[in-house]
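Undergrad: Here the structure of chain A is known, so what remains is to put chain B in place on it, guided by the hints.
Number of protein chains: 2
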Amino acid sequence: MILNKIGNIIKQNKSFAVVSHIIPDGDAIGSTLGLYNFLSEIGKDVDVFNPDKLPSKFNFLPGFFDVKDTLVKRHYDCIFVLDCSDKDRLGHLVELLNMADVVINIDHHISNDLFADINYVDTNAGAVGEIIYNLIRINGFEISYNTAMCLYTSIVTDTGGFKYSNTTSMTLNIAGDLINTGIDFPEINRILFDTLTAQQVKLLSRVTSTLELYNNNSIAMLHVTKDMLEECGANENDASEMVNYARDIDTVEVGVFIKEVEKGKFRVSLRSKNKIDVRIIAEKFNGGGHIRAAGCTVYGDFDEVKNKVLNEIINHWK
Amino acid sequence: MILNKIGNIIKQNKSFAVVSHIIPDGDAIGSTLGLYNFLSEIGKDVDVFNPDKLPSKFNFLPGFFDVKDTLVKRHYDCIFVLDCSDKDRLGHLVELLNMADVVINIDHHISNDLFADINYVDTNAGAVGEIIYNLIRINGFEISYNTAMCLYTSIVTDTGGFKYSNTTSMTLNIAGDLINTGIDFPEINRILFDTLTAQQVKLLSRVTSTLELYNNNSIAMLHVTKDMLEECGANENDASEMVNYARDIDTVEVGVFIKEVEKGKFRVSLRSKNKIDVRIIAEKFNGGGHIRAAGCTVYGDFDEVKNKVLNEIINHWK
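Residue numbers (the numbering used here), protein chains in the order written: chain A, 1 to 318; chain B, 1 to 318.
One chain only, chain A, in its complex shape (with noise of 0.2 Å):
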């Protein structure tokens, strides 16, 4: 089987590099540290890279500061990619895969094209930490207690907090095969999902302040405007979850979130429960996106991006 074969690779070779994908997320950062800590505390000479600077707020993670951005020309015996589905996702790092006898691929995405020489894609998989935690464990490798903060995180993080409809029975066994190690989890925890910035819980009131409500109260609206982020010292990416907000009222069938990237300009995003396909709207509007979660870009001033977009989502109720 193909772990039992990149076990043998691992075992066989002596200098690895680890990379995963552009605007990294949790799980490509705690499955490549993951790998990292594991291929380290086993002898291995390991550089790990990421083509964009990491998020701070993974700074815990054993291994955070080794993580690289630019390359120095030398040769690996094996580079592992973890969590792409193709070689652009690695950006301007993508010139590693020609340093390397052989490179390995490991994803969960459906979409993978399988570049590598060796490609081990479960769909199945929540995250790719959980891949990482039984490629370990199948060779007869332990884990560790830092190799376990890495693979949890990746874990608990592409779940939603083992929430999303990705979470197997498989991803709780590994999750509490990970928690005996000893591992802070509610700390972990705690950093990932429940720490906000002064500057957020401003934002928070005034976005919130904005709320209103359409069609029965199955509609809400919340909007950002570059005036309320200067005042509250908030930055964009601080507004990027508050659509929740919206859509998370208990009456609401498609929660809508508006923000002015700049004057006559509106990123929308669009939210929904059950019913209603929000990607068809913002398909109107030359966006895109999924069933539930789409977005688009629409201008004219606020009022009149607001109310196009209201009556896209009222006629496609009809």
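FYI, nobody ran anything at the bench for these hints, they're computed from the structure. It is possible that part of the hints are untrue.
[Unchecked claim] Covered stretches of chain B (chain A as the covering partner; in silico rule of three or more C-beta atoms under 8 Å from a C-beta of chain A):
#, region
1, 153-164
2, 245-259
[Unchecked claim] Restricting the straight-line Cα-Cα distance to at most 16 Å, the calculated cross-link-like pairs of lysine to aspartate or glutamate (EDC-like) are:
#, chain 1, residue 1, chain 2, residue 2
3, A, Lys57, B, Asp248
4, A, Lys202, B, Asp250
5, B, Lys202, B, Asp248
C-beta atoms are modelled at their ideal positions from N, C-alpha and C, and glycine is treated no differently.
TA: Frame of chain A; chain B shown alone:
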């Protein structure tokens, strides 16, 4: 072993009552409804009780509308009391204990005073739902879809979505087995953790607008007045978790939430992260609680109350 003994009592008897504690939480409701569904499905004559009206949030659970809050005099072969450390927790339903041949007490609180004929207290269980799962499985029965919905709810609420330190590998393994019944756990999580009313969103906006930071940004204060509640059409319970927005700020060690109870009387909630024992501060005002979560009632006008609490925290810090 006791769970087998209890299993034999189930197998050999016909009529059962299941009850849990006043002001029921997710574990009380989920574990009683889990056991109720299981006993009904295997053909027993079962009544399910709670001394209080259940929060409507849980009305998606099978059996929710069967829960009674009043007694009709009759006889049961056996009564199960779940998640109750003592019989006072049964409120006006304590009389049930005299209506059966056998009273079985199943709990996970270390403070349980073993009031019943058969007592099974497992302080390692994250939720009583875990114990009910084991009771069913150990005695050779299957877990149905309906029972799984209830037990999953019990476990996921009492472990804070598997984030609290009472989560064990056993908790996660059981949750994995429960989701294998095909329950819609993403929807259950949405209902339990990601549902707000429009009034709560409005109140959140008002409360977070009161943010004040002290002691080099290590103390955050939020407050709510009766007027604010009224303006938002909200009630006291709508503000119950908002202290978290103070504690969760990255620079903060102590989060404080001050709620006006009546003119000149304020309820103060205190939360800390790693260092400060907030119980000691609460005790200065004749309150109490735990190291990381405590509360007290303080008298005076708002500014007085705020300054008294603030001074106490800063004094304790030194």
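Undergrad: If a hint holds in the structure, say so; if it doesn't, say that too.
TA: Verification of the hints:
1. 153-164: It holds: at least three residues are needed, and the region 153-164 of chain B offers 4 whose Cβ sits within less than 8 Å of chain A.
2. 245-259: holds (count 5)
3. A/Lys57 / B/Asp248: Holds: A/Lys57 and B/Asp248 sit about 13 Å apart, inside 16 Å.
4. A/Lys202 / B/Asp250: holds (14 Å)
5. B/Lys202 / B/Asp248: Status violated; Cα separation ~20 Å.
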